[in-house]
Amino acid sequence: DAGVIQSPRHEVTEMGQEVTLRCKPISGHDYLFWYRQTMMRGLELLIYFNNNVPIDDSGMPEDRFSAKMPNASFSTLKIQPSEPRDSAVYFCASSLTGEQPQHFGDGTRLSIL
Amino acid sequence: SQQGEEDPQALSIQEGENATMNCSYKTSINNLQWYRQNSGRGLVHLILIRSNEREKHSGRLRVTLDTSKKSSSLLITASRAADTASYFCATDRYTDKLIFGTGTRLQVFP
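Protein chains in written order, with the numbering used here: chain L, 1 to 113; chain W, 1 to 110.
The set of hints was computed from the structure by calculation and includes no laboratory data.
Just to be clear, a hint being listed does not mean it is correct.
[Unchecked claim] List time: in silico EDC-like cross-link candidates among lysine to aspartate or glutamate, alpha-carbon distance up to 16 Å:
id, chain 1, residue 1, chain 2, residue 2
1, W, Lys97, L, Glu44
2, W, Lys70, W, Glu55
3, W, Lys69, W, Glu53
4, L, Lys78, L, Glu62
5, W, Lys26, W, Glu55
6, W, Lys97, L, Glu62
7, W, Lys26, W, Asp66
8, W, Lys97, L, Glu18
9, L, Lys78, L, Asp57
10, L, Lys78, L, Glu99
11, L, Lys78, L, Asp30
12, W, Lys97, L, Asp56
13, W, Lys97, L, Asp57
14, W, Lys69, W, Glu17
15, W, Lys69, W, Asp7
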């Protein structure tokens with residue numbers, strides 16, 4: 001039974017480059033969440049989708065961040081242009097309903113030089 | 001903004017001992033959940049307790065919830081080295097969003 005799959009696991013890139021993070025949620029889960037984890041700010045919710053529709057993007061830090069969910073089995077988080085302060089671990093999680101426990105992927109460790 | 005604050009921030013114990021972590025939150029909640037995060041991995045759900053429940057058990061885990069004090073505790077009994085991880089509480093305020101606390105780093109020495 002596959003869990004949430006994120007790719008890449010690690011990404012190192014230079015400031016100004018476009019970064020695309022990918023997520024495949026658990027099949028049948030209607031909710032998908034994107035989080036960012038840093039030592040300073042802990043785990044922050046960036047955006048979440050219900051049935052592929054963005055419901056709340058109030059956590060997206062700036063216009064440089066965008067997220068899409070073109071279908072039930074795929075979502076992307078894009079940063080363009082990237083900055084060193086975007087360095088963090090980005091997690092994707094999915095759940096059956098909004099109340100149900102969330103299942104997390106193993107994250108993408110992003111380093112912007 | 002973080003809803004929950006865990007304490008202690010870090011805890012070191014010997015195998016076989018019990019570990020207790022506390023979580024305090026600021027506003028009324030619907031559910032409270034506890035998650036574990038091993039180093040370099042994603043969070044794993046441990047247990048969910050609803051606002052109308054006071055205590056819940058799952059294996060070696062015992063969770064209590066005191067809504068009057070806006071606090072919860074997670075007790076791990078007879079700890080093992082494999083329990084070494086960070087533990088987070090997360091609350092929802094009758095929405096689909098979870099707000100995570102700051103976490104407790106637990107180290108269990110063999």
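Status of each hint after checking the structure:
Restraint check for Lys97 (chain W) and Glu44 (chain L): satisfied, since their Cα atoms lie roughly 11 Å apart, inside the 16 Å limit. As the CA atoms of Lys70 (chain W) and Glu55 (chain W) are separated by approximately 14 Å, the hinted pair is consistent with the 16 Å bound. For the hint linking Lys69 (chain W) to Glu53 (chain W), the alpha-carbon distance of about 14 Å falls within 16 Å, and the restraint holds. At roughly 11 Å between alpha-carbon atoms, Lys78 (chain L) and Glu62 (chain L) fall within 16 Å of each other, so this suggested pair holds.
Between Lys26 (chain W) and Glu55 (chain W), the direct Cα distance comes to roughly 20 Å. Violation of the 16 Å bound is thereby established for this hinted pair. Distance hint between Lys97 (chain W) and Glu62 (chain L) is unfulfilled; the C-alpha atoms sit about 20 Å from each other, more than 16 Å. Restraint check: the Cα-Cα separation between Lys26 (chain W) and Asp66 (chain W) comes to about 12 Å, which is no more than 16 Å; the hinted pair holds. A C-alpha spacing of about 28 Å is found between Lys97 (chain W) and Glu18 (chain L), which places the hinted pair above 16 Å, so the restraint is violated.
For the suggested pair Lys78 (chain L) and Asp57 (chain L), the alpha carbons sit about 13 Å apart, so the restraint of at most 16 Å is met. In summary, the hint linking Lys78 (chain L) to Glu99 (chain L) is not supported, as the alpha carbons are separated by about 27 Å, beyond the 16 Å threshold. At most 16 Å may separate the alpha-carbon atoms for a hinted pair to count; Lys78 (chain L) and Asp30 (chain L) exceed this at roughly 21 Å. Between the alpha carbons of Lys97 (chain W) and Asp56 (chain L) the distance comes to roughly 9 Å, so the proposed pair stays at or under 16 Å and holds.
Distance check on the hinted pair: Lys97 (chain W) and Asp57 (chain L) sit about 11 Å apart at the alpha-carbon level, within 16 Å; holds. For the given pair, Lys69 (chain W) sits about 27 Å from Glu17 (chain W) by alpha-carbon distance, which is inconsistent with the 16 Å threshold. Restraint check: the Cα-Cα separation between Lys69 (chain W) and Asp7 (chain W) comes to about 15 Å, which is no more than 16 Å; the hinted pair holds.
Against the hints set out earlier in the document, violations occur for numbers 5, 6, 8, 10, 11 and 14.
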